[in-house]
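Put together the whole structure using the sequences plus the hints.
Okay, so the sequence shown: first residue is 1 according to the UniProt record's numbering, each after it adds one.
One should not assume that every hint holds.
No more than 16 Å apart at the CA atoms, straight line, and that leaves these computed lysine to aspartate or glutamate pairs for EDC-like [as the list claims (entries may be wrong)]:
#  : residue 1 : residue 2
1  : 276       : 22
2  : 90        : 156
3  : 220       : 37
4  : 181       : 96
5  : 123       : 17
6  : 220       : 79
7  : 108       : 76
8  : 222       : 37
9  : 181       : 93
10 : 90        : 160
11 : 85        : 156
12 : 181       : 200
13 : 29        : 280
14 : 108       : 160
15 : 3         : 228
16 : 90        : 188
17 : 123       : 200
18 : 85        : 161
19 : 85        : 208
20 : 89        : 188
21 : 123       : 147
22 : 3         : 216
23 : 54        : 74
24 : 108       : 161
25 : 85        : 160
26 : 30        : 280
Pairwise CB distance ranges (calculated) [to be verified]:
#  : residue 1 : residue 2 : range
27 : 96        : 222       : 38 to 46 Å
28 : 72        : 146       : 26 to 34 Å
29 : 51        : 177       : 34 to 42 Å
Honestly, the hints are just simulated from the structure, not real lab data. Fair warning: this is a prediction, and the values are worked out from it, not measured in the lab. A virtual CB, placed ideally from N, CA and C, is assigned to each residue, including glycine.
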Amino acid sequence: MIKCIAIDMDGTLLNTEHQITEENIDAIKKAQAQGVEVVIATGRSYPEAIYILKEAGITCSVICVNGAEVRSPDGEITDFTPLDKQVGKKALELLENSGMYVEVFTNKGVFTVDIEQGVEIFKNFISQSHKEEDVERIEAILQERVDFIHTVDSFEMIFEDPSFYIYKLLAFSFERNVITKAEHALSDLHGIALSSSGPENLEINGVEAQKGIALDAFTKEKGISLMDTMAIGDNYNDLSMFQRVGRAVAMGNADEEIKGQCHFVTLTNEESGVAKAIMDALK
Numbered sequence: 001m002i003k004c005i006a007i008d009m010d011g012t013l014l015n016t017e018h019q020i021t022e023e024n025i026d027a028i029k030k031a032q033a034q035g036v037e038v039v040i041a042t043g044r045s046y047p048e049a050i051y052i053l054k055e056a057g058i059t060c061s062v063i064c065v066n067g068a069e070v071r072s073p074d075g076e077i078t079d080f081t082p083l084d085k086q087v088g089k090k091a092l093e094l095l096e097n098s099g100m101y102v103e104v105f106t107n108k109g110v111f112t113v114d115i116e117q118g119v120e121i122f123k124n125f126i127s128q129s130h131k132e133e134d135v136e137r138i139e140a141i142l143q144e145r146v147d148f149i150h151t152v153d154s155f156e157m158i159f160e161d162p163s164f165y166i167y168k169l170l171a172f173s174f175e176r177n178v179i180t181k182a183e184h185a186l187s188d189l190h191g192i193a194l195s196s197s198g199p200e201n202l203e204i205n206g207v208e209a210q211k212g213i214a215l216d217a218f219t220k221e222k223g224i225s226l227m228d229t230m231a232i233g234d235n236y237n238d239l240s241m242f243q244r245v246g247r248a249v250a251m252g253n254a255d256e257e258i259k260g261q262c263h264f265v266t267l268t269n270e271e272s273g274v275a276k277a278i279m280d281a282l283k
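Listed below in structure tokens is the structure:
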């Protein structure tokens with residue numbers, strides 16, 4: 001019997017419009033009404049995640065920034081696992097030298113040194129999954145993302161100020177050779193967990209800040225076995241959950257490699273695949 005459900009956001013719970021369908025909302029609330037613990041497990045920062053959940057009327061715990069921070073349903077930080085700053089500084093240097101655009105996720109928000117480059121990257125990314133006539137919606141999604149990013153002259157202050165904790169480095173490029181170069185450069189760096197939430201990005205967390213590790217600790221605290229836990233996701237930063245739970249479900253829009261490491265494959269995020277996975281599990 002499934003007692004806990006962990007759900008990824010982008011490409012999973014959210015459709016391409018960055019919205020949660022009514023079917024997904026209803027299924028989550030039905031699971032909660034039956035006593036199932038629902039937790040969102042996302043690469044997003046807490047502010048980026050919670051405003052969408054609140055808009056949908058969903059109240060639950062949130063595993064943020066790939067497991068670097070865990071929040072209770074009322075928003076209290078219950079656990080956090082930052083990236084060692086010296087390791088993070090070296091990773092940042094390698095990413096920038098490889099030619100990738102980088103954002104730094106911290107306990108005080110998300111930071112960039114080049115917001116214009118970030119805007120251009122996200123505009124290209126969003127445009128790929130929308131029709132030309134959806135320009136207004138594209139701009140809205142873009143603005144939604146930019147609203148959570150702070151611009152600084154240099155990342156140096158973040159790494160030097162002890163009040164800042166580094167949760168994650170998020171790096172983007174649409175050039176495969178640039179990403180490959182960065183991956184190779186990072187391969188010898190110890191103390192990091194390297195993952196991805198899409199073909200155009202790399203995510204660098206502390207080695208203990210992974211969704212699966214955070215979910216393991218979360219279920220233990222709740223007295224729930226991982227064998228009684230279901231994880232639903234679509235990408236490589238979800239693998240650490242899939243490898244631990246008793247019921248791993250890949251979205252229909254996931255890569256074949258991801259699907260191959262799961263017990264089940266549900267519908268796509270455009271078809272409310274999360275709802276189907278939940279209802280199948282509750283039967």
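### Task
Would you list, in rising numerical order, the hints stated earlier that this structure does not obey?
Every hint satisfied by this model.
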